Amino acid sequence: MTHIIQQVLNALQLGSVYALICLGYTMVYGVLRLINFAHGDIFMVACYISFFATTFFLTWGHLAPTTTFVLGMLLAMMLTALLAVIIERVAYRPLRNAPRVSAVITALGVGIFLENFTLATLGPEPRHMPPLVPMINFNVGGVTVSAVQVVIILVSVVLMVLLDTTVMKTMTGMAMRAVSYDRTVAPLLGVPVNRIISVTFALGAAVAGAGGILYGQAYPIIDPYMGIRIGWWAFIAAVVGGIGNVRGAMIGSFILGFIEIFTPVFLPSSTYRDFVAFSLLLLFLVFRPTGILGQPAMKKV
Amino acid sequence: MFWWILVALLPVTLLLPELGLINPYLQQVFMYVGINIILTVSLNLVNGYMGEFSVGHAGFMAVGAYVSSILTVWVFPRPYGPFIFPLVLIAGGLAAAVAGLVVAIPSFRTRGDYLAIVTLAFNMIVKSALENIEAVGGPRGFMGMDRLTNMAWVYVWTIAALFCIRNFVYSNYGRGVLSIREDEIAAELVTVNTRQCKVLAFVIAAFFAGIAGGLFAHLLQFINPRSFALFPKSTEILVMVYLGGIGSIAGSVLGATIFTVVLELLRPLGVWRWVVVPLTLVLLMLFRPTGIMGLREFRPLIPAGELAREEVKARASAAD
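If you read the protein sequences in the order shown, they are chains Y and F.
Counting along the first sequence from 1, when you hit position 235 you're at 234 in numbering that gives the first Met the number 0, and nothing is skipped either side.
Counting along the second sequence from 1, when you hit position 154 you're at 153 in numbering that gives the first Met the number 0, and nothing is skipped either side.
Simulated from the structure, these hints should not be mistaken for lab results.
Computed from a predicted structure; not experimentally measured.
Any given hint could be a false lead.
[Stated by the list, open to error] From the structure, some residues in chain Y lie toward chain F, with a derived Cβ separation under 10 Å: (1) 34; (2) 101; (3) 104; (4) 105; (5) 107; (6) 109; (7) 116; (8) 235.
For every residue, glycine included, the Cβ atom is placed at its ideal position computed from N, Cα and C.
Kindly produce the complete structure, drawing on both the sequences and the hints.
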């Protein structure tokens, strides 16, 4: 029993990291109807940014690990947001009125470009993220809870609540929903569409940036191709939860977290996890393409 | 006439290597170009002519490659290899076509980016499944095939793929496929059987991808699941389609040839080669989204009847 609770905790930890990445997919899709295939690689870049930032603060700045963690997270969030805004400005905005296929291919291309550019400039060798959260384990009724797990789950929940409030309660969030609802009418009502889209990209990437440093605390090895797998999983989570829906993204991410942790329990090896995840994706696409919380799209003639 | 010239060139592809007039490296490049033409023209059927967005073409290639390799290594006695090679390739193509049928069914309900995800998931599932089947080597890959692919076979299959897909595009079903690209709902209203057209397009595209996979496997004599991953293989095919031009057979030939040759020339760049490829794709999408030959065709590839009809139409509109 304690073993299962332990695994549930691991699944929650993983699920919250996926949720942070998944939100970027789902917000961009909601506003632009674009699957931003580059998002997983933006997350990878975020991991590298936080790696360099934290190493710099620790070795040259001689800062305390906690300060480094906070500063590193803020820096990663800002720089990742900047990167996403630049990508949107350079690669996606000129294609906004082109066939959607062009934009999707561009997104794929941008993602692969980021991977291989990182590979070519920084080299293929994996790097180790410095540990910043103290290695303390709490014992709660026989279940070991590490400080890293507590930090990851707490920070993710705080960020998710913040994001949900932004989308649901603020003027910017209302404008986002307006653009998502109808991009031709929204500007007529005074919504600055370009700025809202930039803000959406920035928010999604900033959350992924926070995800980058959190992920690095739990799984400290980072390499240029790490974004592919995590990106896909977060993307599947977005589809399962209902792409374009912020709360659905969170539900989907936790489902995917559970799949990843519990696949080796039911199947002979953990290498089946991709198979299970993509089969789930296919099942959802065939039988319920709008996901758990998505609204069915109307076909316009 | 044009096709007869192409057929007449067949002995050249047989003689050149026999007489030692072409070095093995150039032969290899020629064969890669041929295989890439087959892949490009078949993906163009789905992406260019039908206007759907399939990104998992390497998945079909993987099915063809593994099925044909298993047949030549385990099933048929080795000495007969060269004689049954075409049959083995067709078997691989048929297996891929069945996979194409499986992917075509979700395309009835989903379109656009959702269908892109379906094909993408298919590609990932094929790769992941192959990695988990120990019998075919799992992630280590499968080997032991003889080098049965030669210039002549690649040439024959390239011509066959071009001929079949050109004839399909200009057939009644091809009209249906084009009408799906222009407006699916309108096509349905004028009684185009869109489901049939979609199934046919997917199955034909998958069949030729499977053939290309078989040729590829018997050229390299080694395949592993990673050779058929979304990146680089499927992406490469996409680049070739969009570089050459959507909805154009001549464009596919051009795109595959230019891309393969340029990639060979860029070999000294090492890792940076894979930075150049996605960058090319993005720049293409930004500045010339329909590619070099986009929606245009090389005249000898258009059937004579079609040309005559167009001329009549042109004259009628001139008379108005």
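Hint check:
1. 34: holds, 5 Å
2. 101: holds, 5 Å
3. 104: holds, 5 Å
4. 105: holds, 4 Å
5. 107: holds, 7 Å
6. 109: Holds, because the Cβ-Cβ distance from residue 109 of chain Y to chain F comes to roughly 6 Å (cut-off 10 Å).
7. 116: holds, 5 Å
8. 235: holds, 8 Å
Hint compliance for this structure: no hint is broken.
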